[in-house]
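Novice: The residues making up each chain are set out below.
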Amino acid sequence: MVELPPFERFYEQHRDEVYGFLVRRLGRDRADDAFQETFLRALRAYPKLRHADHLRAWAFTIAGRIVIDEHRRTHATVELPELPAEDGRPAFAELEHLAEDLPPTERAAVILRYGYDLDYADIGAALGSNASAARQAASAGVRRLRKKELT
Amino acid sequence: MTTVTPDLDRLFRDAAARERLLDVAYDFVDSPVGTLLVAATERGVCRISYDADPERELDQLARAFGVRVLRSPAPVEPARRELDEYFGGRRRDFDLNVDVRLLGDFNRRVLRELARVPYGEVVTYGELATRAARPRAARAVGMVMNRNPLPIVLPCHRVVGANGKLVGYAGGLDRKEALLRLEGAIL
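For the protein sequence lines, the chains are C and V, in the order given.
The numbering used here puts the first residue of the first sequence at 1, with every later residue one more than the last.
The numbering used here puts the first residue of the second sequence at 1, with every later residue one more than the last.
Some clues are possibly wrong.
Computed, partial: chain V to chain C, Cβ under 8 Å [what the hints assert, rightly or not]: (1) 2; (2) 15; (3) 16; (4) 58; (5) 62; (6) 68; (7) 70.
Please keep in mind that the hints were generated in silico from the structure rather than gathered at the bench.
This structure is a prediction, so every number in the text was calculated from the model and none was measured.
Glycine included, each C-beta is placed from N, C-alpha and C at the ideal position.
Let's have the full structure, built from the sequences with the hints guiding it.
Specialist: Right, dumping it as C-alpha cells:
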C-alpha cells in the first residue's frame, strides 16, 4: 500500500491541470470558485482515502462532479466530463467504460465506491451530498448496470 | 498550459485554514538567522526548522500530525509576528501556544523548565536537569535540547556547558551565538 503524500504535494502536482480543465469547462470566471471548491472537497475526503493510487483521476472526478453541479445550476446540458487517460489499467478505467451510460451521479458514485474504494460518507462529501444519498446512487447505478448486462 | 494565479492559490490556502480542514499549516519566515520553516496545528506552533528540506519536513509533519499538511500563511501569522518582534529587539517573551503533545513526559518537563529561563540569561545542562528534578540527567537534557522541535521559541540557545562554553546547537553554533548576542547575553 502506498502512503498518502502530504496534501501540499498532491495539491501542487494537480492544481494547474485541474484548473485548466475547469477553465475549459466553465470559463475563467466560474473556474476560480470551482477550483477552490474542488480542493476543499478533496481536503475533506483526503485523510480517509485508502490508497494513494490514481490521485490524479480522483481529483478530476471531484472537479468533474463540480462541473456537473455548475451546469445543472445554470440549466445547461448535464454530462460527465471525460476523465483523462492514465497509464495502466486501474480499476476505475474498466468501471468508467462499463458505467459510461449511467446518469452522472450514479456513475460518479459507482466509480468512487468501486474504483477508488471510498466509503459512502466520503463519497457523499466528495459529491457534495451525504452518505445515504451516495449509497442510493451507487446501488441504483449497480442495478442499472446489471439490467443492462441481461439485455 | 493554464496555471493557477498566485491570488487564486492564496484564496484556496486561506479558505482551507479558515474552514479548519488542515492538520498542519506551515510557511516560511525570514529571520536574521536564516529562513525558518514554521508549522502550526490547531493547538499551536509545532515545528520551527532551520535549513529545512521541505520535502523531508512535510513527510515528517504528515506522519506526526496527519496528511492534511498545507502551506498556509494565516495560521502561522502569530508566530511570524512574534518572531519578527523578537528579532527586532521588541519582544523578550513569546506568548504563543505550542503543540508538544507528541513528546514524551521527560522531554515536556525539561522543555517546560527551559521555557522559564529568562531572556538574556543562560543556564547549564546540569542546572536545567536539576530544575527538571533529574539532577544527574545532564546528558539526557542535552539530547532534549538537540531535538527541540521549537528552537528560538523554546530557548535552547540559552543552555550552555558547565564551563560556560556554548558547546552545541542543532542549528549550528553560529546561530546560538547570534541569538545570545541579540539578547545581550554575550558581547
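Novice: The structure should be examined with respect to each hint, and the outcome stated for every one.
Specialist: Verification of the hints:
At its closest, the beta carbon of residue 2 of chain V sits 4 Å from a beta carbon of chain C; the interface hint therefore holds under the 8 Å criterion. Among the interface hints, the one on residue 15 of chain V holds; its C-beta lies about 6 Å from the nearest C-beta in chain C, closer than the 8 Å criterion. Restraint check, residue 16 of chain V versus chain C: the minimum CB separation of about 6 Å is within 8 Å; hint holds. Nearest Cβ of chain C to the Cβ of residue 58 of chain V: about 4 Å, under the 8 Å cut. The hint holds.
Using the Cβ-Cβ criterion of 8 Å, the hint placing residue 62 of chain V at the interface with chain C is satisfied: the shortest such distance is roughly 4 Å. Interface hint at residue 68 of chain V: satisfied, since its Cβ lies 5 Å from the closest Cβ of chain C, which is below the 8 Å cut-off. Contact between residue 70 of chain V and chain C, as hinted, is supported at the beta carbon level, the nearest pair being about 5 Å apart and thus within 8 Å.
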